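Same order as they appear, the protein sequences are chains A and B.
Numbering-wise, my numbering puts 209 at position 209 of the first sequence, and it's gapless, one number per residue.
Numbering-wise, my numbering puts 458 at position 458 of the second sequence, and it's gapless, one number per residue.
Just to be clear, a hint being listed does not mean it is correct.
The list treats identical chains as interchangeable, and a pair is accepted whether it falls inside one copy or across any two copies.
[What the hints assert, rightly or not] Simulated crosslink set (DSSO-like; lysine-lysine; CA at most 27 angstroms straight-line):
| no. | residue 1 | residue 2 |
| --- | --- | --- |
| 1 | K498 | K459 |
| 2 | K196 | K211 |
| 3 | K163 | K459 |
| 4 | K498 | K84 |
| 5 | K352 | K196 |
| 6 | K211 | K498 |
| 7 | K265 | K196 |
| 8 | K459 | K82 |
| 9 | K352 | K539 |
| 10 | K373 | K522 |
| 11 | K243 | K196 |
| 12 | K373 | K82 |
| 13 | K482 | K82 |
| 14 | K352 | K401 |
| 15 | K401 | K82 |
| 16 | K475 | K163 |
| 17 | K459 | K84 |
| 18 | K401 | K84 |
These are calculated hints, taken from the structure and not from any lab test.
Bear in mind the structure is a predicted one, so any value in this text is a computation, not a measurement.
Number of protein chains: 2
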Amino acid sequence: MPKSKEAARANLENLYRIFTVPEAPDSTLGAIDQAITDDVAGFLGTHIVALERTIEEIEADFLSPEIPEDPTFVSEYTEFVKQKLVAQSVHTAAPGFIGHMTSALPYFMLPLARLMTALNQNLVKVETSKAFTPMERQVLAMLHRLVYRSDAGFYPQWVHNSKHALGAFCSGGTIANITALWVARNRLFAPDGDFKGIAAEGLQRSLQHLKADGLAVLVSRRGHYSLGKAADLLGIGRDNLIKIDTDGDNRIDLELLQQELQRLKSCNIRPLAIVGIAGTTETGNVDPLNSLADIAAEYNCHFHVDAAWGGPILFSENYAPLLSGIERADSVTLDAHKQLYVPMGAGMVVFKDPTALSAIEHHAAYILRLGSKDLGSHTLEGSRPGMAMLVHAGLSIIGRKGYELLIDMGIERARHFAEQLRNHEDFELTSEPELNILTYRYAPQSVRRLMAAMNLEQKCQANLLLDQVNRLIQKDQREAGKTFVSRTRLRSKNYGTKVITVLRVVLANPLTTDAILQSVLKEQVELAGQPEICQLLAKIKQLRFPHAGTDLIAEA
Amino acid sequence: MPKSKEAARANLENLYRIFTVPEAPDSTLGAIDQAITDDVAGFLGTHIVALERTIEEIEADFLSPEIPEDPTFVSEYTEFVKQKLVAQSVHTAAPGFIGHMTSALPYFMLPLARLMTALNQNLVKVETSKAFTPMERQVLAMLHRLVYRSDAGFYPQWVHNSKHALGAFCSGGTIANITALWVARNRLFAPDGDFKGIAAEGLQRSLQHLKADGLAVLVSRRGHYSLGKAADLLGIGRDNLIKIDTDGDNRIDLELLQQELQRLKSCNIRPLAIVGIAGTTETGNVDPLNSLADIAAEYNCHFHVDAAWGGPILFSENYAPLLSGIERADSVTLDAHKQLYVPMGAGMVVFKDPTALSAIEHHAAYILRLGSKDLGSHTLEGSRPGMAMLVHAGLSIIGRKGYELLIDMGIERARHFAEQLRNHEDFELTSEPELNILTYRYAPQSVRRLMAAMNLEQKCQANLLLDQVNRLIQKDQREAGKTFVSRTRLRSKNYGTKVITVLRVVLANPLTTDAILQSVLKEQVELAGQPEICQLLAKIKQLRFPHAGTDLIAEA
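In isolation and in its complexed conformation, chain A is listed as follows (with noise of 0.2 angstroms):
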């Protein structure tokens, strides 16, 4: 045999194996997986490294856009992605990770999320998913009846139903705002004598057979960005993305709304829909839905609820209460993985009409035909992976109960938390937890006393300079690496129209103690005590009194 077509042979040889020879256990791929299915949470303690380098750095090991030539060792791949990837990647799961809505996992995703893996179903359709679509249907029906609360005997004939779906499982929140308010579009658009529908006909036309002038979507300024988003997909426009004003708790002002669906009136633009958030990303607010509810079906239009972070909330007989309305909205986004505690990628829509996505269908020749059962003819994406299956499991579980403990010891937490900071004399809380979001910010209170005594022009200065205190602690708490809170930019009800540099947390992991979230404070006062940030003190004490010495300042 030539030299060449040995050593083809042998590549193809090669080959075969990472087909068909598992990784032996004591391979270095094999001990990784050992040392996560003995104990992630030690496994990513130990490699996750709090010593932080910069993202320049850390782009240094990712730079070649050339894809190898040669095949590489699986063993040689894994020590890099130990030692480059795992080492430098994020400890979402710790409980001092406090900043943004990726919490612990429970350990049993973690083989459930293999077996998965392993089984690699598409559940655009039954051909290639089997007994996995029944179960996606049945976990759209859960979430559905844990929304709406429909009779036990509304199920039966939908479910399974091959014509309709009460919903569409996706990959995230953000897939599930845009296709709820894709078939609010092609519901108000819908086929009319010679209208074929927006869908066949596009968006211009259908202006012009309802005769408007424009559509709108309106919601509160604390609308999630993916809103944004689907204004722009859909061919709305940002503009006519409507964001309404809020009260001084974050929720949407009600009596700026109903001005705004006048003005629109009087201009001939459609409103399309009015969506309520039940959990607002930066605030953990929940919208009148009751109330919403009411507008929308005054106005005839589409009454959406973003509940991505609220929507588990149900699970708590406390605490449901808040998001009493939510049962009359045509369709609620919910994400498994936030508040169900599944890993990323899970998100779902539910719609009160199970009709409501025959707006959107859509069929192929060789797979999604009339009649079958692919989930696919009512999704915007196309394949996907069998994610359903740890939401399932889950709901299994952790059962009702379980969640709502979760639920109810995150609520509680914030709350207490947030006494906390209001007797913690250098921070100031800039909004109240309704659910377990909060945000505070750094501002010992001698500077507070002083802002009190400043007139407009110097506050707005001292503000300004609070912002940027504000924008270091949390930077460099984040490069320190041992805890994390996020920061955003808020108007405070204290501070007028203007908007504030504020630190946000968000309370879902259950392994969060008092404790560290004492450390977290600690540390940014630690933090404070740099110098750079106490001369930004300084400046602000300077503004009250602008020709004193520094000894004055230093006593005030």
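Here the structure of chain A is known, so what remains is to put chain B in place on it, guided by the hints.
Relative to chain A, chain B alone:
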């Protein structure tokens, strides 16, 4: 302590356990996990039963819309998963499962997927993904370079540029195609003087601004159904997704395309994009990409190539020329969960112009801030898992040469299989495999001989009967559960403009041998022996000899 308090504490402790205490290796779930680690193929082979239950029978296990009130033991739930879900799922990795685009996975994907789940990074922002962000940016650069072959000197300024992204990673080809057309639309209606652009002002005003009466997207009749969704979603309308007929080899007819473009011009409808296909879903053919690039340039419109299936052909020195012209596309869709052998949920779109994605850029106050390197500023989706790691692993471990072997093997196997079908007396090849997909149908030589002598009307009748025959064979084979081919409806050059039902085979699983392909055909011949099918075939013969007795028919 009162009983209820005691119970509550016990519940709480159990709840902590699911977040902190790993699955014991000897638990039911631990055992499954170990079995998968030891030998996925063996586990799946043993547990996915071939015995078919109807979808209605399976649904009986997934009927209740009730979320269980109380927690369930993990072991109990795992038993349910094993019996009711795994046993009734589809063995997509089986080498006889050649009907769809999901194939076997390299073994290392499983432990790496578990690591990904354990890390639970969220790629929307650096704060929840850190090293995963540069890693995903590198993957996008690698695929960009594979497609566009830009100079190495091109990349350093773009790969990690905080203002831009060379592409967008997403859950699959559908989102990739939608993203491409979204970018195309927003670039066509870019801000211009007082006009703020379509993202802000919406589609209606944009058309007014360009003084156009509509928008159109052009693609061959073989275009993927996701393009219809895109036309609907983006407000263009499905009627304005113009489907151009194909030539005898399922490639777009360039003359008809030119005619259509002229017609649109005369109607003042703006061609938004021409979409070329590199590997049609149903037949695996490649449009003449260079000619399409010329035409797109002539009409000054966006040129998108849907290479979800065929993109990885570029790894092959032998076959890459089939995709010649792809480097002239403005945007290209690629699916890693197809021929990059990554688990479900990994698509990409890359753009020739590294600033193209600015057209859909978006920001928020708490993440995706201007100047951040957050990937979420340029993606349709929001929160996303770290799937890019598995693409990075595939590219590194398998390497360009490894993928080349896989691609070459699939194409050569398909050509060999086509040869066998051509020589088989019971089958008719209905589309030649340009890549590794082909279609054929059961049509015994005796029947074909009779059909050759039929008039057009009789031929149509005969084809309708053969359609039924092939539907039955496909369905029965799927239900028997040993092997699987899919079916679709296509025009075939032998039968004019009528569509016929054909069987479809995708040869991407490296474990599929010629012997397995033989057994697929053998099973189909056996299934064709059923009385129901014999009757249908007899009816075809009757068409030719309407007045003949049974003897003559049997003879013919």
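Point to revise | Enumerated hints in conflict with the structure, sorted upward | key: 3, 4, 6, 8, 9, 10 and 17
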